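Chemist: What follows is each chain in one-letter form.
Protein chains: 2
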Amino acid sequence: MAFVHFNGLRSLQISSRGCIFNPGSGHTRSDISNNRCSAVKACIKQPDQKVHLESKLNSVLDSVKWDEKGLAVAIAQNVDSGAILMQGFANREALATTIASKKATFYSRSRSTLWIKGETSLNFINVHDIFLDCDRDSIIYLGKPDGPTCHTGAETCYYTSIFDSLNKPQAEENNLALTTLYSLESTLSRRKEELLAPQQGKPSWTKRLLLDEKLLCSKIREEADEFCRTLEENEDESRTLSEMADVLYHELVLLIHRGLKFEDVLEVLRCRFAQSGIDEKNSRKPKTVK
Amino acid sequence: MAFVHFNGLRSLQISSRGCIFNPGSGHTRSDISNNRCSAVKACIKQPDQKVHLESKLNSVLDSVKWDEKGLAVAIAQNVDSGAILMQGFANREALATTIASKKATFYSRSRSTLWIKGETSLNFINVHDIFLDCDRDSIIYLGKPDGPTCHTGAETCYYTSIFDSLNKPQAEENNLALTTLYSLESTLSRRKEELLAPQQGKPSWTKRLLLDEKLLCSKIREEADEFCRTLEENEDESRTLSEMADVLYHELVLLIHRGLKFEDVLEVLRCRFAQSGIDEKNSRKPKTVK
Numbered sequence: 044m045a046f047v048h049f050n051g052l053r054s055l056q057i058s059s060r061g062c063i064f065n066p067g068s069g070h071t072r073s074d075i076s077n078n079r080c081s082a083v084k085a086c087i088k089q090p091d092q093k094v095h096l097e098s099k100l101n102s103v104l105d106s107v108k109w110d111e112k113g114l115a116v117a118i119a120q121n122v123d124s125g126a127i128l129m130q131g132f133a134n135r136e137a138l139a140t141t142i143a144s145k146k147a148t149f150y151s152r153s154r155s156t157l158w159i160k161g162e163t164s165l166n167f168i169n170v171h172d173i174f175l176d177c178d179r180d181s182i183i184y185l186g187k188p189d190g191p192t193c194h195t196g197a198e199t200c201y202y203t204s205i206f207d208s209l210n211k212p213q214a215e216e217n218n219l220a221l222t223t224l225y226s227l228e229s230t231l232s233r234r235k236e237e238l239l240a241p242q243q244g245k246p247s248w249t250k251r252l253l254l255d256e257k258l259l260c261s262k263i264r265e266e267a268d269e270f271c272r273t274l275e276e277n278e279d280e281s282r283t284l285s286e287m288a289d290v291l292y293h294e295l296v297l298l299i300h301r302g303l304k305f306e307d308v309l310e311v312l313r314c315r316f317a318q319s320g321i322d323e324k325n326s327r328k329p330k331t332v333k
Numbered sequence: 044m045a046f047v048h049f050n051g052l053r054s055l056q057i058s059s060r061g062c063i064f065n066p067g068s069g070h071t072r073s074d075i076s077n078n079r080c081s082a083v084k085a086c087i088k089q090p091d092q093k094v095h096l097e098s099k100l101n102s103v104l105d106s107v108k109w110d111e112k113g114l115a116v117a118i119a120q121n122v123d124s125g126a127i128l129m130q131g132f133a134n135r136e137a138l139a140t141t142i143a144s145k146k147a148t149f150y151s152r153s154r155s156t157l158w159i160k161g162e163t164s165l166n167f168i169n170v171h172d173i174f175l176d177c178d179r180d181s182i183i184y185l186g187k188p189d190g191p192t193c194h195t196g197a198e199t200c201y202y203t204s205i206f207d208s209l210n211k212p213q214a215e216e217n218n219l220a221l222t223t224l225y226s227l228e229s230t231l232s233r234r235k236e237e238l239l240a241p242q243q244g245k246p247s248w249t250k251r252l253l254l255d256e257k258l259l260c261s262k263i264r265e266e267a268d269e270f271c272r273t274l275e276e277n278e279d280e281s282r283t284l285s286e287m288a289d290v291l292y293h294e295l296v297l298l299i300h301r302g303l304k305f306e307d308v309l310e311v312l313r314c315r316f317a318q319s320g321i322d323e324k325n326s327r328k329p330k331t332v333k
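Protein chains in written order, with the working numbering: chain X, 44 to 333; chain L, 44 to 333.
Chain X extracted, bound-state conformation:
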């Protein structure tokens, strides 16, 4: 094991995937071990590399435009869904700890301490990458949350719509800030719930599909075929977009019918990223003969 000594942190260790982590914290270390972030022992033999890495890390941390309090805005975003999970502030140590531990870490202004998101709830945000903005004073922690991010149990901290507050007197504060696909997914879920109380809600195409698996599957096949035909018959681009919207909607209904989330499909795709499509196909188990 080789550790890199570093300003203001305990010691840092370099992994084979380039991650640097802090072995001083048992918790953080075991989490990283779970992430299969194995150590590069070659560092022991290469003191120059240690110094080089320490220098690069300091250089990155120096390049951030910390404000007069030594802070920068840090936004945690779900790497799959794109949902903004929470926003806090990071100081130099919080950013260094996040780089090292790959757990989103903030500086609590009210408690004047470092704060690893999840240290109490165990709902850590596992950071896949960290981005600086063009002014280098705003940070994105792009990661996967272990569970709900908000202390209220909500998936994200953003569930109060100002437009709802202004327009709907009785609006409850449980309207998550959802982007288009997840807003549609949420609507489809509500249609499924309405089926449990048939007197509620209006008739809808989604409900018809949810109640009729044969119709749903025939529609998916039909829409996939029409999507392909926009290419085969060289139709307008707008037709391709429209047919893709059709097939995606019907596919989402099937996912909802099975109680699955689109975010989980994206996780499957993300896990395949590391290898080429050809290698990935070759590595699959043969499908069961039906």
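In case anyone wonders, no lab produced these hints; they're calculated from the structure.
Quick caveat, the model's predicted, so the values are computed rather than measured.
Some hints here could point you the wrong way.
Repeated chains share a single entry, so a pair holds when one copy, or any two copies, can fit it.
[Claimed, not checked] In silico SDA-like pairs for lysine to any residue, Cα to Cα no more than 20 Å straight-line: (1) LYS187 with GLU310; (2) LYS93 with LYS211; (3) LYS211 with GLU97; (4) LYS112 with SER153; (5) LYS108 with ARG152; (6) LYS112 with PHE132; (7) LYS304 with GLN92; (8) LYS250 with HIS194; (9) LYS99 with ARG135; (10) LYS250 with PHE316.
Keeping the supplied structure of chain X fixed, place chain L upon it in accordance with the hints.
Modeler: Just chain L now, kept in the frame of chain X:
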């Protein structure tokens, strides 16, 4: 026309969709007119409603936990792709202006002035909803950008990966903070570009599909069929996710082949939201007979 007078702003007008806008600014007003945000003239006859709305707006603005400088963090997010476009700060007037104009508006700390994003570049961010976090000190402007958000011409301001900076000595600062689907889309686009210089890059399944429309379409139909069969044959949920990942990947390849973006598909879906699926289907023009 009826205007509601409001602290610190000029006058506000209430639209039929509940939007409130500032008729003092010609530019902003014409933009809103373009958004078909028609005025509710009933306000003229209902002074109580005017007072009520002013009161509600003040109440919302009062509820924000402005910091000691009167600011809160404001994050602009693409309503379709979920991309974090930029982050700035809002004061009371900037938030009120955003509510009124539906153009993302910030307070520039360096220039000590209100700043409508796009006032120079014309790349406005058209705000669809605004969210407060659980602490009411962080704001999301969820909207659709008219063009690239960053002053550098980049789609978003976040294109500097810290992990790339640490691990790839020659990394260029053009690695946008992309979530899973858009990261995949970006990879597929690179494969398409590589086809222009066949000596570059390795063989890939994506390239084979891009070069063979017949294969691509047959794969989309095949994968859509396999996705349906996971329901019809009651396969494991993991099979449904895996098959959906397969079909989505192949559909993305077709979009890339046609030079289209997944974000544009989501825009189509968003524009359909306003009406029920049954109404939407009934409203479509008959397809051309082929």
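Chemist: For every hint, state whether the structure bears it out.
Modeler: So, going through the hints one by one against the coordinates:
1. LYS187 with GLU310: Classified as within: same-chain Cα gap 9 Å, cross-chain 25 Å, threshold 20 Å.
2. LYS93 with LYS211: between (59 Å within a copy, 15 Å between copies)
3. LYS211 with GLU97: between (54 Å within a copy, 15 Å between copies)
4. LYS112 with SER153: Classified as both: same-chain Cα gap 13 Å, cross-chain 16 Å, threshold 20 Å.
5. LYS108 with ARG152: both (18 Å within a copy, 14 Å between copies)
6. LYS112 with PHE132: both (11 Å within a copy, 16 Å between copies)
7. LYS304 with GLN92: Neither: 44 Å inside a chain and 42 Å across chains, both beyond 20 Å.
8. LYS250 with HIS194: neither (34 Å within a copy, 46 Å between copies)
9. LYS99 with ARG135: within (14 Å within a copy, 40 Å between copies)
10. LYS250 with PHE316: between (35 Å within a copy, 16 Å between copies)
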